[in-house]
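With the hints as extra help, turn the sequences into a complete structure.
Residue numbers (the working numbering), protein chains in the order written: chain A, 1 to 197; chain B, 1 to 197.
Keep in mind that a hint or two might mislead.
Chain copies aren't distinguished; within one or between two, either way the pair holds.
What the hints assert, rightly or not - Straight-line alpha carbon distances no greater than 30 Å define the calculated DSSO-like cross-link-like pairs of lysine-lysine that follow:
| no. | residue 1 | residue 2 |
| --- | --- | --- |
| 1 | 10 | 83 |
| 2 | 21 | 147 |
| 3 | 194 | 88 |
| 4 | 49 | 21 |
| 5 | 133 | 7 |
| 6 | 145 | 49 |
| 7 | 193 | 7 |
| 8 | 83 | 9 |
| 9 | 88 | 192 |
| 10 | 195 | 83 |
| 11 | 168 | 49 |
| 12 | 88 | 193 |
| 13 | 133 | 193 |
| 14 | 30 | 192 |
| 15 | 193 | 83 |
| 16 | 49 | 194 |
| 17 | 168 | 83 |
Everything labelled a hint here was simulated from the structure, so no lab data went into it.
Given next are the chains, with one letter for each unit.
Number of protein chains: 2
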Amino acid sequence: MIHTLLKNKKVVLASASPRRKQIFEYIGVKALQYPANIDEPMLELPPYKLVQELALMKASHVATHVDSGCLIVGADTIVYSEKEILGKPDTIGDAIEYLTRLSGHTHSVYTGVAIKHGVHEFTSYAKSSVTFKTLDMHDIEAYIKTKEPFDKAGAYGIQGYGSQFIEKIAGCYFNVMGFPISTFYDMLKDMKKKKLI
Amino acid sequence: MIHTLLKNKKVVLASASPRRKQIFEYIGVKALQYPANIDEPMLELPPYKLVQELALMKASHVATHVDSGCLIVGADTIVYSEKEILGKPDTIGDAIEYLTRLSGHTHSVYTGVAIKHGVHEFTSYAKSSVTFKTLDMHDIEAYIKTKEPFDKAGAYGIQGYGSQFIEKIAGCYFNVMGFPISTFYDMLKDMKKKKLI
Numbered sequence: 001m002i003h004t005l006l007k008n009k010k011v012v013l014a015s016a017s018p019r020r021k022q023i024f025e026y027i028g029v030k031a032l033q034y035p036a037n038i039d040e041p042m043l044e045l046p047p048y049k050l051v052q053e054l055a056l057m058k059a060s061h062v063a064t065h066v067d068s069g070c071l072i073v074g075a076d077t078i079v080y081s082e083k084e085i086l087g088k089p090d091t092i093g094d095a096i097e098y099l100t101r102l103s104g105h106t107h108s109v110y111t112g113v114a115i116k117h118g119v120h121e122f123t124s125y126a127k128s129s130v131t132f133k134t135l136d137m138h139d140i141e142a143y144i145k146t147k148e149p150f151d152k153a154g155a156y157g158i159q160g161y162g163s164q165f166i167e168k169i170a171g172c173y174f175n176v177m178g179f180p181i182s183t184f185y186d187m188l189k190d191m192k193k194k195k196l197i
Numbered sequence: 001m002i003h004t005l006l007k008n009k010k011v012v013l014a015s016a017s018p019r020r021k022q023i024f025e026y027i028g029v030k031a032l033q034y035p036a037n038i039d040e041p042m043l044e045l046p047p048y049k050l051v052q053e054l055a056l057m058k059a060s061h062v063a064t065h066v067d068s069g070c071l072i073v074g075a076d077t078i079v080y081s082e083k084e085i086l087g088k089p090d091t092i093g094d095a096i097e098y099l100t101r102l103s104g105h106t107h108s109v110y111t112g113v114a115i116k117h118g119v120h121e122f123t124s125y126a127k128s129s130v131t132f133k134t135l136d137m138h139d140i141e142a143y144i145k146t147k148e149p150f151d152k153a154g155a156y157g158i159q160g161y162g163s164q165f166i167e168k169i170a171g172c173y174f175n176v177m178g179f180p181i182s183t184f185y186d187m188l189k190d191m192k193k194k195k196l197i
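The following block contains the structure:
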C-alpha cells in the first residue's frame, strides 16, 4: 500500500491544493505542501501529454527548493470539453459559460502525476469521463452563489455542492478531485520493483 | 439545488454513518442524525428492491421518534458480487475472503434512498460498478492492519486507504460512499414539482 511504500520518505506535494492535501490524508501519507509557482504555459500538446508536462514542471520547480532526498509529487488537472481546456473561471460570466457547456454533456478530466526522486523522474496520467445532469439557470445561479466554482477548473468541484450535478463518472473519482490515487500507487509499485524507493 | 430545496426543512438522517453525515455536509445540508435501530432482515428481493425496502424501514422507524414535520431520509447500501451480498466482515478471515473475491474483479454497489415527509413516502436507488485492482496478500494484510475494512460493507471503504485499490468506477461515486447525491436531488426535484416540499 502507498503508506507502506512511502514509510521513512520525506514526501513533498508540489501543490497548494487543499483537495490534493486531503487525498494524501485519505491514504495516510503525511506530505509537506510546497506550492509550485510556475507560469502554466499553454503548450501545444494533447491533454494527456500536457498534464504530465505541467506536473513535471511543478515537481522540478519544487525540487530546486527542498532537500534532494525528498520524494516530490507534482500534479496537474485539466477539464477538457469539446476539444477545449476549461480553466478556472475569472468572472461570473465565465462560470455561467462553463457550466452551461458542461450541462447535459460528458466531458473528460485529465490529471498528470510526476514523481521526482533524486535524479529519477516518472510521469503518468489518468483520464475520467464525467457526465453532468442538465442544469437550469436556477441551478447555475444558486451554484455560483456558493462561490464554489471560482477556484476550480471547469467551474465545478466534484466534492462539494457540485456533487449533485454529476449524473455519473467513468474512471477514477480521485482524478476528478485532483489526484488519481490508483495511478500514483501503480507508479510507486513500479519504482519499488526497480528498487528506486 | 438541494440546500435551497431543503431550506426551512428539519432534515433527519436515519443513519449513524459518519460518511453519510459527511455527504450531507458536502451539499450544505444540516441534518440531525437519528440512527435507525432495525434488524435488517435478509429479504428475498433483488438488490435494487432490497435496498429501497431497507431504506424505507429505517426512515419509518425514525418517523415514530421525531416531529411529524421532519423530512426523514433513510439509506441502505449493499455490495453485490457474483450474486451475493457482502456484508460487514465480522472477522479477519471474513475480510480476507471478501477482499480476495473483489480483487481483480468488477462488483456492484446499490444504495436505496427513502424520503418520508408526513404521510408521503418516496424511494429510489442508484447502482454503480466498481472495478478493483488485483491485490496481493501484502496489500490485503496491510489494509486489514489499518482496521478500515471492519465497519464497511464488502470490507472496503472507497474513501480512505481503500481508494488506492479502486481501478475505476462507473456510475455515482457517492453511491459507493453510501449516499447517491444525484439520485437524492432527482427525488427532491420531483417532490418539489408535486408541491410536496
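Cross-check of the supplied hints:
1. For the homomeric pair residue 10 and residue 83, neither the shortest alpha-carbon distance inside one copy (38 Å) nor that between copies (44 Å) is at most 30 Å.
2. With identical chains, the CA atoms of residue 21 and residue 147 are at most 30 Å apart both within one copy (21 Å) and between copies (22 Å).
3. In this assembly of identical chains, the alpha carbons of residue 194 and residue 88 never lie at most 30 Å apart, being 38 Å within a copy and 37 Å across copies at closest.
4. Only within a single protomer do residue 49 and residue 21 lie at most 30 Å apart by alpha-carbon distance; the minimum there is 24 Å, versus 39 Å between protomers.
5. In this homomeric assembly, residue 133 and residue 7 come within 30 Å of each other (Cα to Cα) only across copies, at 22 Å, whereas the closest approach inside a single copy is 42 Å.
6. In this homomeric assembly, residue 145 and residue 49 never come within 30 Å of each other (Cα to Cα): the closest approach is 35 Å inside a single copy and 37 Å across copies.
7. Within a single copy, residue 193 and residue 7 get their C-alpha atoms as close as 16 Å, which meets the 30 Å cut-off; across copies the closest is 54 Å, which misses it.
8. Proximity of residue 83 to residue 9 under the C-alpha cut-off of 30 Å is found in neither arrangement, the shortest distances being 39 Å within a copy and 43 Å between copies.
9. Within a single copy, residue 88 and residue 192 get their C-alpha atoms no closer than 36 Å, and across copies no closer than 32 Å, so neither meets the 30 Å cut-off.
10. Proximity of residue 195 and residue 83 under a CA criterion of 30 Å is satisfied in neither setting, with 39 Å inside one chain copy and 41 Å between copies.
11. Taking CA atoms no more than 30 Å apart as the test, residue 168 paired with residue 49 passes in both settings, with 25 Å inside one copy and 21 Å between copies.
12. In this assembly of identical chains, residue 88 and residue 193 lie within 30 Å of each other by CA distance neither inside one copy nor across copies; the values are 38 Å within and 34 Å between.
13. Proximity of residue 133 and residue 193 under a CA criterion of 30 Å is satisfied inter-copy only: 17 Å between copies versus 43 Å inside one chain copy.
14. For the identical chains of this complex, residue 30 and residue 192 are intra-copy neighbours only, at 19 Å inside a copy versus 45 Å across copies, given an alpha-carbon limit of 30 Å.
15. Proximity of residue 193 to residue 83 under the C-alpha cut-off of 30 Å is found in neither arrangement, the shortest distances being 37 Å within a copy and 36 Å between copies.
16. When the C-alpha separation of residue 49 and residue 194 is checked against a cutoff of 30 Å, the pair qualifies only within one copy, where the shortest distance is 24 Å, while the shortest distance between copies is 49 Å.
17. In the homo-oligomer, the alpha carbons of residue 168 and residue 83 lie at most 30 Å apart both inside one protomer (21 Å) and across protomers (23 Å), since each shortest distance falls under that limit.
This entry does not satisfy hints 1, 3, 6, 8, 9, 10, 12, 15, going by the numbered hints stated previously.
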